[in-house]
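4 protein chains.
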Amino acid sequence: MGKRAGILGVTGFAGRELLSIIGRHPGLELAFGASESYAGKPFSQVYPDPVDLTMVAPDKAPLAEADLVFLCTPHGASAQWAVKALDAGCQVVDLSADFRLRDLPTYERWYAPHPAPHLLPEAVYGLTELTRDAVRGARLVANPGCYPTSVLIPLQPLLSDGALDGAGIIVDSKSGTSGAGASPTTKTHFMSVHDNFSAYALGHAHRHVPEMEQELSAYAGAPVHVTFSPHLLPVARGILSTIYLHLAESWTAERVTALWRDAYRGEPFVQVMPSAEPPSLAHVVRSNRIAMSAGETGIPGQIVIVSVLDNLVKGASGQAVQNANLMLGFAETDGLL
Amino acid sequence: MGKRAGILGVTGFAGRELLSIIGRHPGLELAFGASESYAGKPFSQVYPDPVDLTMVAPDKAPLAEADLVFLCTPHGASAQWAVKALDAGCQVVDLSADFRLRDLPTYERWYAPHPAPHLLPEAVYGLTELTRDAVRGARLVANPGCYPTSVLIPLQPLLSDGALDGAGIIVDSKSGTSGAGASPTTKTHFMSVHDNFSAYALGHAHRHVPEMEQELSAYAGAPVHVTFSPHLLPVARGILSTIYLHLAESWTAERVTALWRDAYRGEPFVQVMPSAEPPSLAHVVRSNRIAMSAGETGIPGQIVIVSVLDNLVKGASGQAVQNANLMLGFAETDGLL
Amino acid sequence: MGKRAGILGVTGFAGRELLSIIGRHPGLELAFGASESYAGKPFSQVYPDPVDLTMVAPDKAPLAEADLVFLCTPHGASAQWAVKALDAGCQVVDLSADFRLRDLPTYERWYAPHPAPHLLPEAVYGLTELTRDAVRGARLVANPGCYPTSVLIPLQPLLSDGALDGAGIIVDSKSGTSGAGASPTTKTHFMSVHDNFSAYALGHAHRHVPEMEQELSAYAGAPVHVTFSPHLLPVARGILSTIYLHLAESWTAERVTALWRDAYRGEPFVQVMPSAEPPSLAHVVRSNRIAMSAGETGIPGQIVIVSVLDNLVKGASGQAVQNANLMLGFAETDGLL
Amino acid sequence: MGKRAGILGVTGFAGRELLSIIGRHPGLELAFGASESYAGKPFSQVYPDPVDLTMVAPDKAPLAEADLVFLCTPHGASAQWAVKALDAGCQVVDLSADFRLRDLPTYERWYAPHPAPHLLPEAVYGLTELTRDAVRGARLVANPGCYPTSVLIPLQPLLSDGALDGAGIIVDSKSGTSGAGASPTTKTHFMSVHDNFSAYALGHAHRHVPEMEQELSAYAGAPVHVTFSPHLLPVARGILSTIYLHLAESWTAERVTALWRDAYRGEPFVQVMPSAEPPSLAHVVRSNRIAMSAGETGIPGQIVIVSVLDNLVKGASGQAVQNANLMLGFAETDGLL
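Protein sequence lines, in the order shown, are assigned to chains A, B, C and D.
Each residue of the first sequence is one higher than the last, beginning at 51 in the working numbering.
Each residue of the second sequence is one higher than the last, beginning at 51 in the working numbering.
Each residue of the third sequence is one higher than the last, beginning at 51 in the working numbering.
Each residue of the fourth sequence is one higher than the last, beginning at 51 in the working numbering.
Please keep in mind that the hints were generated in silico from the structure rather than gathered at the bench.
Predicted model, so just to flag it, every value in this text is computed and none were measured.
Keep in mind that a hint or two might mislead.
[What the hints assert, rightly or not] Mimicking EDC-like on lysine to aspartate or glutamate, the simulated pairs with C-alpha atoms at most 16 Å apart in a straight line are:
id	chain 1	residue 1	chain 2	residue 2
1	B	K237	A	E115
2	C	K110	C	E86
3	C	K237	D	E327
4	A	K237	B	D183
5	D	K53	D	D99
6	C	K53	C	E86
7	C	K91	C	D102
8	C	K134	C	E158
9	B	K53	B	D384
10	D	K91	D	E79
11	D	K237	C	E327
12	C	K134	C	D153
[Claimed, not checked] Covered by chain D, according to a simulated footprint, are these stretches of chain A (three or more residues, beta-carbon under 8 Å):
id	region
13	170 to 183
14	324 to 333
[Said to hold, decoys possible] Ranges between beta-carbon positions, derived for each pair:
id	chain 1	residue 1	chain 2	residue 2	range
15	D	G126	B	P100	32 to 42 Å
16	D	K237	C	L387	23 to 33 Å
17	A	G77	D	A326	52 to 62 Å
18	A	E86	D	S210	52 to 62 Å
19	A	A251	B	S210	24 to 34 Å
Heads up, the beta-carbon is just placed ideally off N, CA and C, and yes, glycines get one too.
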């Protein structure tokens with residue numbers, strides 16, 4: 051008994067990835083793919099994928115024909131589309147930041163006035179492994195950011211366990227260029243990225259900071275500060291986060307690994323690696339998995355964690371389908387293995 | 051009045067880069083290029099560079115014809131060649147680790163029994179900007195490691211100033227693949243590196259750790275611990291180090307920048323960038339410069355530094371020639387601008 | 051009703067790709083994966099793929115447990131394994147060159163003495179779209195070379211139609227680095243391939259030449275000479291062949307396109323593109339499709355064809371499974387969509 | 051006795067490369083760098099190069115202060131700037147196509163109405179090795195296209211010798227992405243180019259075709275047709291052209307090589323390689339050299355040539371300075387070795 055999903059903003063990288071996952075999904079069918087700039091044109095004009103789709107203008111998107119809508123629209127726009135889609139009776143998975151921050155002033159400080167603050171209380175933060183039950187019954191799911199997913203999955207068991215000693219966590223993340231979006235700019239020109247590597251939004255300036263701090267503080271039951279430095283890699287896909295934190299002195303890499311194995315036992319998309327074998331991007335690219343390992347630094351209690359995921363899959367569209375699967379009654383792994 | 055330099059281990063990436071610099075040098079001429087594996091063969095069989103050189107076996111290298119010898123040989127071998135070259139009356143710049151660590155037990159713990167410990171007291175650590183006077187009169191210079199150069203130049207002014215609050219420094223470094231050496235292995239296969247990114251020797255395991263700790267502790271006048279995580283980038287050349295440290299609360303990024311501008315005023319190879327414009331690899335690749343910027347993290351006194359250099363130039367052969375220029379009486383910038 | 055397949059030579063790139071396809075296949079299960087160098091070790095020690103496999107030594111491979119064996123062994127070795135596997139009652143798909151050339155002297159001129167010439171008459175050349183019926187009943191299938199597949203599919207309809215005017219065809223091919231094999235050598239070192247591009251085995255020297263000439267001559271019913279120049283691309287996967295040929299003057303790009311659409315109507319893995327939109331590698335990488343387009347050159351009858359495929363899928367393991375599907379009674383597309 | 055050069059269109063890749071060459075030139079100094087979009091801004095805002103330059107608006111460019119002006123402006127604009135610069139008493143090297151085609155109707159068929167046809171008779175085609183004497187006395191030099199340079203240097207000695215048998219030449223060229231220009235577009239987005247490879251303007255459609263045919267026909271003394279297929283490589287710089295042609299049957303690769311060695315004896319920027327060692331991009335990138343080799347194809351008289359150059363150096367700004375050196379009385383190699 052199939053379900054139908056629509057995509058708003060289908061020509062970005064997340065929309066493209068959703069199309070590809072839905073194409074492999076045993077129960078989900080495409081209701082529509084909407085694009086502002088390419089309405090009326092075939093998808094093959096934008097990407098070389100063999101997808102047979104003529105895009106519609108967002109205004110003309112037949113929301114009523116979809117059971118669920120994926121919003122791949124920019125923040126601000128997403129909240130407005132969420133209102134319309136919910137009104138049309140659709141469930142919604144929003145891949146933008148519009149419903150990730152529970153605190154309205156925080157959202158408005160980092161982004162802009164919120165177009166639909168009345169929906170904030172209802173929105174469920176869809177980090178599937180950690181909020182599965184809430185996602186299952188949700189009308190509106192806020193799909194987590196790519197960087198936060200790479201940080202929250204490894205840290206939640208530790209912070210919930212009260213292991214963190216002091217509030218400071220340092221996250222040094224490196225992302226592939228698909229994370230910078232499909233718009234052609236000087237920064238995404240091949241000649242700027244290829245054979246190069248750069249840092250940006252260093253320290254505490256990236257918009258994923260408040261999202262990480264919100265969730266980590268909730269895990270820890272106390273405010274947690276995240277020092278965050280993203281970098282741009284000359285690769286297509288993937289995030290590798292190197293995370294430094296201080297735990298009580300009795301914590302070793304081995305104990306962290308054991309805690310993870312326990313916390314994520316049976317999870318199909320969480321791969322705990324041995325200390326000596328930190329995962330590389332190649333471990334996870336084009337999969338919905340996150341892989342992680344813990345190491346030591348010579349300072350008792352200081353732990354260095356490496357986590358990797360594909361920013362377009364577990365960091366965006368894969369997790370979005372994982373959430374949609376729960377919302378629509380499919381097996382959580384449908385379309386994702 | 052020209053001088054002549056020989057290169058032992060000319061077919062590695064550092065040797066190749068030296069050849070190229072010497073080719074542009076107004077006063078330095080090549081005495082010989084020695085290679086174990088390619089003796090008797092033309093250099094063009096190894097690299098596509100238009101260099102007219104027939105390599106000699108190391109045993110046959112005419113040491114006596116050289117004023118100075120660059121050792122691009124592996125640690126262990128370098129120390130033995132240093133003895134021979136000094137005996138032959140040459141000055142020596144060693145690009146291996148053999149003379150970087152002043153403490154014999156430390157060397158032997160991280161490497162192997164030292165073949166020439168009697169030379170350790172004489173060897174000068176050639177981080178040119180900081181040890182210029184000692185280099186000028188030296189017979190034997192230990193050329194610094196690539197990662198340490200990227201860390202010591204930005205940190206020396208701060209640590210000498212007593213700014214460091216607590217002993218912990220975190221260095222998250224990313225290096226191009228030339229840093230992994232010219233030997234073909236599974237790890238350096240194009241298919242392993244391309245479109246990938248990985249961490250290795252995490253925490254406190256890389257052999258450049260004791261070198262960094264030795265120098266930083268000397269600057270600070272007290273033991274400094276370095277948590278160090280190197281990563282492998284899918285680019286040819288360049289190191290970007292992201293460095294996290296705690297200073298007294300009164301320190302801001304602006305004050306760090308001002309201190310650097312003062313400390314490195316007039317230095318042709320040190321480029322201090324504004325906080326808001328962290329340098330990328332493209333700022334320094336194929337130059338002998340190191341570029342760096344300081345930023346803040348939202349925690350008073352916590353500073354994040356980004357430094358970049360070309361691992362084969364300022365991180366190896368460029369700095370080696372910078373040192374040789376001083377040793378031989380050339381202008382420090384000869385061949386390097 | 052499942053079938054079981056074994057892989058000999060599972061740690062090359064073709065073996066790795068087979069593992070991945072078999073993992074998605076609805077009816078095919080892995081009987082064993084054999085490796086000379088890694089016997090007894092887990093596959094995860096060689097590649098980052100999440101495959102749970104302990105490799106066996108080829109000698110210990112339980113051939114009797116497999117319905118079909120894929121030979122990813124080098125030429126020479128493959129023929130010997132084919133004998134053993136057939137004796138054990140397996141069907142065989144050989145991905146090496148051992149059974150591609152029907153003429154023994156030609157094989158021995160380009161390769162070496164043939165270890166099992168008695169099997170040559172039985173072997174079926176498995177260019178699936180063109181030899182489907184013979185593959186269906188075969189015990190032993192010679193899987194075509196990657197370059198030849200990119201040339202034969204576009205040219206067969208033309209040559210069978212007698213369109214070729216004169217015997218000369220020029221094939222200028224560009225292949226990703228996976229085509230150069232998994233052995234680490236100076237040529238496959240990241241530093242040799244990255245940001246570089248080179249030609250090799252120019253003119254008429256590559257071992258895929260006799261394979262192309264054999265098949266093209268059979269299509270044309272007369273000897274066809276192929277001028278062939280392969281090049282090495284700094285990409286992971288994919289072949290793009292630019293093919294120049296002279297047809298009778300009445301042939302236009304449009305007519306070629308129409309002939310192809312007719313010849314390959316309904317073929318799931320052949321994608322005919324319009325003249326104005328030549329396919330790029332991105333059209334086919336990670337798929338079992340070949341895509342192609344025809345254009346004109348200003349000289350009446352001279353046609354330029356661009357064809358693309360993934361050298362590890364349609365050019366090797368994908369086509370191998372396509373053949374195996376027919377041999378074992380599966381749907382031809384099983385595991386490949 | 052120094053000279054001063056101005057650059058119009060300094061923020062494109064050719065302008066950037068000119069800046070870098072002039073920075074190394076012993077006698078040439080920068081008079082101004084003009085940019086439409088970045089007037090009043092520092093060059094460091096556009097590129098990470100350590101160049102101290104504030105750009106001027108083209109209208110405000112102090113033409114009178116320059117002895118020579120390099121035009122890195124688009125075709126159409128270049129011709130208009132040439133008029134102004136000549137009027138101001140400057141010599142001019144135009145890197146656009148405006149003065150490459152001697153025949154006005156041909157120019158207007160491939161481009162647009164010509165803004166200054168009266169200058170066509172005076173313009174000298176600056177393929178330096180072949181038109182050295184004319185360049186020396188020229189006021190206005192048309193710098194050749196990147197692809198044509200890679201084709202004309204290897205073919206001129208053969209065609210002048212009457213060796214070509216029949217009019218057809220096939221040129222299969224592959225260019226790095228800097229050749230596609232600095233404007234950010236979907237086609238130059240990192241995600242479109244990286245790990246990809248594509249053909250464009252196939253057959254006879256690229257604007258460099260009439261330039262090649264004009265020169266080759268002049269060498270041969272008869273019309274020569276060029277079938278030309280350019281491709282886009284995922285590398286920063288470099289063109290590799292694989293050229294197929296039929297000579298009289300007595301011609302071998304060895305004889306072609308001998309002819310070249312003779313024709314280009316003593317040329318500092320032409321490197322003739324042995325048949326067995328076709329040059330790769332790495333042989334010439336970041337140099338002003340062109341390297342080339344000849345091979346055979348099994349068909350008597352059919353020759354396959356591989357030529358390589360850096361599209362931004364010998365293919366643009368290097369050759370422009372080589373021409374300017376002659377025009378201004380410098381040594382031809384000044385700034386280029």
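Status of the hints after comparison with the structure:
With a C-alpha separation of about 50 Å, the suggested pair K237 of chain B and E115 of chain A falls outside the 16 Å cut-off, and the hint is violated. Simply put, K110 of chain C and E86 of chain C have alpha-carbon atoms about 10 Å apart, close enough for the 16 Å limit, and the pair holds. Our distance criterion of 16 Å between C-alpha atoms is met by K237 of chain C and E327 of chain D, whose separation comes to about 14 Å. With a C-alpha separation of about 42 Å, the suggested pair K237 of chain A and D183 of chain B falls outside the 16 Å cut-off, and the hint is violated.
Our distance criterion of 16 Å between C-alpha atoms is broken by K53 of chain D and D99 of chain D, whose separation comes to about 23 Å. Straight-line distance between C-alpha atoms of K53 of chain C and E86 of chain C comes to about 25 Å, which puts the hinted pair past the 16 Å bound. Between K91 of chain C and D102 of chain C the CA atoms are separated by roughly 11 Å; this keeps the pair inside 16 Å, and the hint holds. With a C-alpha separation of about 22 Å, the suggested pair K134 of chain C and E158 of chain C falls outside the 16 Å cut-off, and the hint is violated.
Straight-line distance between C-alpha atoms of K53 of chain B and D384 of chain B comes to about 13 Å, which keeps the hinted pair within the 16 Å bound. This hinted pair does not check out: K91 of chain D and E79 of chain D have alpha carbons roughly 20 Å apart, beyond 16 Å. Among the hinted pairs, K237 of chain D with E327 of chain C is consistent with the structure: their alpha-carbon atoms are about 14 Å apart, no more than 16 Å. Between the alpha carbons of K134 of chain C and D153 of chain C the distance comes to roughly 22 Å, so the proposed pair goes past 16 Å and is violated.
For the region 170 to 183 of chain A, the stated coverage by chain D is violated: 0 residues have a C-beta nearer than 8 Å to a C-beta of that chain, whereas at least 3 were required. Here's how the region 324 to 333 of chain A fares: 0 of its residues keep a CB closer than 8 Å to some CB of chain D, so the rule of at least three is not met and the hint is violated. For the pair G126 of chain D and P100 of chain B, the supplied restraint of 32 to 42 Å holds, since their beta-carbon distance comes to about 38 Å. Separation of K237 of chain D from L387 of chain C is about 29 Å and conforms to the stated range, judged on CB atoms against 23 to 33 Å.
The hint said 52 to 62 Å for the Cβ distance between G77 of chain A and A326 of chain D, and at roughly 59 Å that hint holds. Between E86 of chain A and S210 of chain D the beta carbon distance is about 57 Å. The supplied range of 52 to 62 Å therefore holds. In this structure the supplied range 24 to 34 Å holds for A251 of chain A paired with S210 of chain B, their Cβ-Cβ distance being about 30 Å.
Of the numbered hints stated above, those contradicted by the structure are hints 1, 4, 5, 6, 8, 10, 12, 13, 14, listed in ascending order.
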